Amino acid sequence: MREQQLRLADDRTARVAGREMRVEAVSKKFGQAVAVDDVTLGISAGEFVSLLGPSGSGKSTLLMIIAGFEQPDSGELFLGGERLTDIPPHRRNFGHVFQKYALFPHMTAAENIAFPLKMRGIEKAKRGPMVANALERMRLSALGERLPHQLSGGQQQRVALARAIVFQPALLLMDEPLGALDKKLREEMQIEIKQIQRELGITVVFVTHDQDEALSLSDRVAVINQGGLSQFATPRELYDRPSSRFVADFVGDNNFFPGQLIATAGRKGQVKLDGGKVLAGQLPEGKSIALGAKVEIAVRPEAVSLNSKPDSRVSGTLIDVQFTGGTTTRIVRHASGAIYLSRALSAGSHAAQGDAVSLQWDETSAFIYPADGRA
Amino acid sequence: MKVSRLVQCIAWAVLAFLVLPSLLIAFMSFGTDPYLRFPPRGFTFDWYRLYFSDADWQSATLFSLKIAIVAAVIAAAISLSTAFGLERVSNPRLKESLRLVLLSPTVVPGIVSALAFYKLFSAVGLTGTFLGFVVAHTILATPFAYLCISSQLHAYDRTLETAARGLGATRLQTFIHVTLPLLSPSIVIGAIFSFLVSFDEAVVSFFISDTQGKTLPRKMFEDIDFSVSPVLAAVATTITVGTILLLAVITILQNRMKRIPSQQKE
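Protein sequence lines correspond, in order, to chains A and B.
First residue of the first sequence? That's 1 in my numbering, and the numbers climb one at a time after it.
First residue of the second sequence? That's 1001 in my numbering, and the numbers climb one at a time after it.
Be aware that a few hints might be false.
[Unchecked claim] Straight-line alpha carbon distances no greater than 20 Å define the calculated SDA-like cross-link-like pairs of lysine to any residue that follow:
{"id": "1", "chain 1": "B", "residue 1": "K1219", "chain 2": "B", "residue 2": "P1034"}
{"id": "2", "chain 1": "B", "residue 1": "K1258", "chain 2": "A", "residue 2": "Q150"}
{"id": "3", "chain 1": "A", "residue 1": "K29", "chain 2": "A", "residue 2": "A67"}
{"id": "4", "chain 1": "A", "residue 1": "K118", "chain 2": "B", "residue 2": "R1171"}
{"id": "5", "chain 1": "B", "residue 1": "K1258", "chain 2": "A", "residue 2": "M107"}
{"id": "6", "chain 1": "A", "residue 1": "K272", "chain 2": "A", "residue 2": "G337"}
{"id": "7", "chain 1": "B", "residue 1": "K1258", "chain 2": "A", "residue 2": "S152"}
{"id": "8", "chain 1": "B", "residue 1": "K1258", "chain 2": "A", "residue 2": "R146"}
{"id": "9", "chain 1": "A", "residue 1": "K118", "chain 2": "B", "residue 2": "T1162"}
{"id": "10", "chain 1": "A", "residue 1": "K124", "chain 2": "B", "residue 2": "I1176"}
{"id": "11", "chain 1": "A", "residue 1": "K118", "chain 2": "B", "residue 2": "P1181"}
[Unchecked claim] Incomplete in silico selection of chain A near chain B, CB under 7 Å:
{"id": "12", "residue": "H96"}
{"id": "13", "residue": "F115"}
{"id": "14", "residue": "R120"}
[Said to hold, decoys possible] Chain B is nowhere near these chain A residues, computed Cβ spacing over 10 Å in every case:
{"id": "15", "residue": "K29"}
{"id": "16", "residue": "G201"}
{"id": "17", "residue": "L318"}
Quick caveat, the hints were computed from the structure, so don't treat them as lab data.
Because the structure is a prediction, the values reported are computed rather than measured.
Note that beta-carbon positions come from the ideal geometry of N, C-alpha and C, so glycine has one too.
The following block holds chain A by itself, in its conformation from the complex:
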């Protein structure tokens, strides 16, 4: 079901500084509320993994459990094969970048970066060059003596990152680290983070609610919903083969057509739409849906093209054409009031606003999901 196969450290292990991390069947409740529900994740050494989910999905709690600030009610954590569950946070040797950086306001940038070294009992003479090195890597050499409040948001962010990696942590944990930055700065930092992660070969667990961020940075993305792991896959798989209605909806745009499953043949299914039309689509892997069950067909906007002559397929009125540079999105309103999207490279259809159009797509790009299924 939702459990993912553990992916053990691959041949990269030998070359990288980061360690492999396993989260096994971890659950956590706060009172009656389930924050993390039986999550199993295998993160390879040197891998960049994002925990992606809406706010309140439990992704931050999961991060806090990995960090050791929260104890799981059940389940275990392993780092490179060693049991980690009972080890207190300060002895896990993880780097942390917090949401609002959490720089110590009474220490200079250099002192902030030296802090984890000092706590590890590294003598002053050795700390100096390590801090200078970290400052240089983050292009902060001239700012080492400034206090955090004398630095811009982007600079504070870089100090926080330098502080988190200066002691060569086994794992780098980042909790929405870019949330407070504006768009341009955020994109710059994304590139910077990715570069450092590659150079150091560090294992990263990155929490975000921003799917673009997750898709562009990560080797794999764990989609978390209502405390559970919905899907753990590469960004490509996540987008092309979402395993559930939730993932299909949460990651990227999607059109959903509600109906009832009336026939199956292998991986193919026939769905009778609420309007009476029958459409074909792909059934999800490893899941069986009972005949007669309520389902939805999901089709990505870029798989949908518009036909100016209404025919037997789903049809509606073209209500808006949005040109967004590389692509054009056409918005169609169905008689039921539902809104559908069709996205194409700028040429696209010739239909004009107000025209009656029908939607068409290849049935291999239509996916059938049980309606309202959480996972």
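Based on these hints, arrange chain B on the given structure of chain A.
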């Protein structure tokens, strides 16, 4: 903003009203007459010399200083731990009740606490003792220290402690390197206020003093009864100057608190 002339006049008048008595006392402390007189005649430092050389005045002053320092340290320590403790109380009613109990010495009339301390201390033999004064003054001063510390703790970003722990600091290291330095301005301010409350305290001290152990305010009271020597004015002026210096320290610390925000920018 423009302030009308009338408002300005009123403001200066109020200020003069507040400061004038202290200024008059200061003037009188330099007069040559052997009794308090206004306007003073002549100019002398004799009364200060007398104050700083007289054994009785010295012992009362040192007694008061020792009490105030110890009471301030204890009050600040109690307030720091209480402020942390109350932060963690999740039940809002319980939290508010505990706060009120802690702050209650400020609303109980001085004479009431004085009587209570007197009855209690004479029963257990604490009147006139260093310990007795320390206990009483600590109780009276703690609310002030608590208010200082808790208000800064309220604005203080606890995720800094989480960050320190995550970066490898033990709980003790976190407290020493992060919590304490960040809260130190309010801890010092709280301690100074407590010191002033204790040093200044007259009503309770009056009741729990005896012939051996008496604080400076009590000694001043007694002297007014016997004589109205300008040495009293000299003592009062010395206290005023000391207080002004401590208030200057407080102002400097408050500015530092503003300059280094204990919370991150939003």
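So which of those numbered hints doesn't the model satisfy? The structure conflicts with no hint, since it agrees with every one listed earlier.
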